[in-house]
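Q: Each chain, written out:
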Amino acid sequence: MAEFAVVFISIFVEALPFLLLGTLISAVVAVFVPDDFIARLFASRSRSALAVAVSAGFLLPICECGIVPIVRGLIRKGAPVYAGVAFLLAAPIVNPIVLASTYYAFPDNFAITFLRAGLGMLIALAAGAFFRTFYAGNPLRGGMYVLPAACACGRHHGASCQGSGRPGLLGKCGDVMLHAGDELIEVGKYLVVGVFLAALLRTVLARETLLAVGQGDLTSVAAMMFFGYVVSLCSEADAFVAAAFNYYFKAGALLAFLVYGPMLDLKNTFLLYSVFKGRFVTTLIVVVTVAVLAAAWLVNILAGEATAHV
Amino acid sequence: MFNAMAVLRCLALLVLAWWVDGLADSGMVAALVHPRFFPAVSLAAGALFFLALFQCRRFTKPEKLNAWSIAGLLLILSPVLVSAVLPVGYLGAQTIEKRGLTVAPAGEYGGAEAERFSRNDAEGVIEIREENFAAALKEITHDNPARHLGKRVVISGMVHRDKGMRDNQFAVTRLLLICCAADAVPVGLICESEDGCPVAEGAWVRVEGTLEEGVYMQRPLTILKVTTVDAIEPPPQPYVYPPGAYRPE
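Protein chains in written order, with this note's numbering: chain C, 3 to 312; chain Y, 219 to 467.
To be clear, the hints were calculated from the coordinates, so they are not data collected in a lab. Any given hint could be a false lead.
[As the list claims (entries may be wrong)] Cut-off 25 Å, straight-line C-alpha distance, at most; resulting in silico cross-link-like pairs (SDA-like, lysine to any residue):
id: 1; chain 1: C; residue 1: LYS174; chain 2: Y; residue 2: GLY264
id: 2; chain 1: Y; residue 1: LYS369; chain 2: Y; residue 2: GLY432
id: 3; chain 1: C; residue 1: LYS79; chain 2: C; residue 2: GLY139
id: 4; chain 1: Y; residue 1: LYS381; chain 2: Y; residue 2: ARG365
id: 5; chain 1: Y; residue 1: LYS369; chain 2: Y; residue 2: ASN386
id: 6; chain 1: Y; residue 1: LYS316; chain 2: C; residue 2: VAL195
id: 7; chain 1: Y; residue 1: LYS381; chain 2: Y; residue 2: SER411
id: 8; chain 1: C; residue 1: LYS279; chain 2: C; residue 2: PHE132
id: 9; chain 1: C; residue 1: LYS174; chain 2: Y; residue 2: PHE268
id: 10; chain 1: C; residue 1: LYS79; chain 2: C; residue 2: VAL283
id: 11; chain 1: C; residue 1: LYS174; chain 2: Y; residue 2: LEU271
id: 12; chain 1: C; residue 1: LYS79; chain 2: C; residue 2: ALA53
id: 13; chain 1: Y; residue 1: LYS316; chain 2: C; residue 2: ALA224
id: 14; chain 1: C; residue 1: LYS174; chain 2: Y; residue 2: PHE220
id: 15; chain 1: C; residue 1: LYS279; chain 2: Y; residue 2: SER287
id: 16; chain 1: Y; residue 1: LYS381; chain 2: C; residue 2: LEU213
id: 17; chain 1: Y; residue 1: LYS369; chain 2: Y; residue 2: PRO461
id: 18; chain 1: Y; residue 1: LYS316; chain 2: C; residue 2: LEU199
id: 19; chain 1: Y; residue 1: LYS316; chain 2: C; residue 2: PHE132
My request is simple: use the sequences and hints to build the entire structure.
A: Next up, the structure:
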C-alpha cells in the first residue's frame with residue numbers, strides 16, 4: 003500500500019511539470035498563432051508533411067505527457083491529422099534527451115539506440131501514412147474546441163480562442179495563462195487516472211512474472227510491450243529499466259519496450275481519450291500495436307539466437 | 219454575479235501549487251524524483267500559482283456549477299489526498315524483492331566516478347560511496363572484473379536475499395533512482411560469508427571484504443568475500459542518484 007502511494011505520487015510529480023509545459027506551449031499556440039497559419043504551411047507541402055512532422059521531434063524535447071495537448075493545439079490550428087499522428091508518435095522517442103539517455107543505458111550496445119530511433123521514426127511514418135490514406139474527418143473531441151463557458155477572452159469561441167477582450171501583448175499573455183490552467187485541469191484529471199492504474203500495475207507486477215510469460219521471439223515482444231504500456235515510465239528513464247532486463251530478453255523485446263512505451267502507455271491513453279474521439283484513439287492504438295509487434299518480432303528473428311547483451 | 223466554479227478551479231490549482239511546493243521544501247521530493255528534476259518541480263509549483271491567479275479574471279463571469287467538473291477537480295487533487303493518508307516515504311526491501319536485483323549494471327552511471335574508482339589502487343580499504351555506487355559496481359562486475367580482484371572494499375546498503383543465492387550469500391543493495399520512484403532499479407553487490415547473512419532482510423549494513431571470483435545464478439561474477447558486517451542506521455538518503463549523489467545542504 004505504502005509502495006503504491008509512493009509510486010503513484012512520484013509518477014504524478016514527475017509528469018506534472020512536463021504536462022504544464024505542454025499546456026503552456028499549447029496555449030501559446032492557441033492564442034498567438036493565427037488560425038490558418040499552420041494549415042497554409044502544410045497545404046502546399048503534403049508530400050513532405052510526414053517527414054517534417056517526424057523530424058520536428060528531434061527539435062522539441064518533449065515527452066509523451068506534454069505532447070498530447072501540443073498536438074491537439076496544432077490540429078486545432080489546421081495541421082493535418084496524419085502529420086499530428088506522426089509527430090505525436092515520433093517526438094517522445096527521437097528527441098535528443100531520450101536518445102542520449104538510451105545511449106547511456108546501453109553504452110556498449112549502440113545498436114539499441116540506433117534501432118530505437120530508426121524503428122520509432124519508421125513506425126511514426128507508417129502510422130501517419132495509414133491515417134493519411136484511411137482517415138478523414140476531425141478527430142478532436144467536442145467539435146473543434148470547447149472551453150469552459152466563462153472563458154474570459156470576451157469572445158464567442160468559434161474555431162479557437164484568437165484574441166482577448168483585453169488589448170495588447172499583456173492581455174494575450176493573460177489569455178495564455180487562463181487557457182493553460184483550463185487545459186491542465188481538463189487533461190490533468192485523465193493523467194491522474196492513468197498514473198493511478200500504472201502505479202497499481204507497477205506495484206503488483208514482478209520481474210519474475212514477466213520472465214515467466216515469454217522467452218520466445220513473439221511472446222517476449224508481447225510481454226515487454228505489455229510491460230512498457232502498463233508501467234508508463236517517462237521515456238527519459240525507460241532505457242535504464244530496459245537495461246535491467248538486458249540479460250533476460252532478446253534485443254527485439256527490449257526495443258519493443260523502448261519504442262512502444264513512449265508512443266502509447268496507460269497514462270497517455272487516458273490523455274489521448276480526453277482529447278481525441280474514441281474511435282480515432284482505438285484505431286491509433288491498434289495500428290501502433292500491430293506495427294511495433296511486427297517490427298520487433300522481425301528484429302528478434304533477424305537477431306537469431308544471440309541475446310541482447312553483447 | 220459570482221462564479222463559484224471559477225473559484226473552485228482557482229482553489230484546486232492553489233492547493234496543488236501549495237502541495238508541490240511543500241514536497242520541494244520539505245525535501246521529500248527526493249523520495250520521488252531525481253534531483254535534476256527539482257528545479258522543474260519548483261517551477262511547476264510557481265506556474266500553478268500563476269495559473270490559479272489568472273482564474274480570478276473569471277470570478278465575475280457567469281458559469282454554472284457542474285458536478286462533473288467538481289469531480290474532475292477532486293480527481294486532480296487525489297495525489298494530495300493520497301499523500302495525506304499515506305505519507306510519502308522511501309521505497310525499500312519490498313520493492314527490491316519485486317523488481318529483482320541487478321548485479322552487473324551495464325548502464326552509464328558517471329564515467330568520471332568509475333574512472334576514479336578504477337584508478338584507486340591505494341593499499342588499504344576502498345570505500346564504495348553513494349557518489350560512485352553504481353559506477354563502481356559496474357566497474358567491478360561488468361567492465362573490468364579482473365582488474366579489481368583482490369582489492370579490499372567497504373560498502374553500505376540494504377540486505378537482500380533471493381532464490382538465486384547460495385545459503386552463504388546475500389546482497390548489499392541500493393535503489394538507483396534514474397527519473398522517478400517508478401523506475402528505481404535495485405543494484406547490489408553479492409557478498410559471501412561463512413556464517414551466511416547475520417542480519418535480517420531489509421536491514422542496513424556496512425560490509426568490508428575482499429573482491430573475489432564467485433558464482434551467482436550459475437554465472438561467474440565478482441563477489442565480496444566478507445570479513446566484517448556491521449549493522450548501521452539507515453542513511454538520510456537511502457537512494458543513490460547516478461551520476462553523483464544528492465546531499466541536501
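Q: Confirm or reject each hint.
A: Here's how the hints hold up against the structure:
| no. | hint | verdict |
| --- | --- | --- |
| 1 | C/LYS174 with Y/GLY264 | holds, 20 Å |
| 2 | Y/LYS369 with Y/GLY432 | holds, 14 Å |
| 3 | C/LYS79 with C/GLY139 | holds, 14 Å |
| 4 | Y/LYS381 with Y/ARG365 | violated, 29 Å |
| 5 | Y/LYS369 with Y/ASN386 | holds, 21 Å |
| 6 | Y/LYS316 with C/VAL195 | holds, 23 Å |
| 7 | Y/LYS381 with Y/SER411 | holds, 17 Å |
| 8 | C/LYS279 with C/PHE132 | holds, 17 Å |
| 9 | C/LYS174 with Y/PHE268 | holds, 15 Å |
| 10 | C/LYS79 with C/VAL283 | holds, 20 Å |
| 11 | C/LYS174 with Y/LEU271 | holds, 15 Å |
| 12 | C/LYS79 with C/ALA53 | holds, 19 Å |
| 13 | Y/LYS316 with C/ALA224 | holds, 21 Å |
| 14 | C/LYS174 with Y/PHE220 | holds, 24 Å |
| 15 | C/LYS279 with Y/SER287 | holds, 19 Å |
| 16 | Y/LYS381 with C/LEU213 | holds, 15 Å |
| 17 | Y/LYS369 with Y/PRO461 | holds, 23 Å |
| 18 | Y/LYS316 with C/LEU199 | holds, 18 Å |
| 19 | Y/LYS316 with C/PHE132 | violated, 40 Å |
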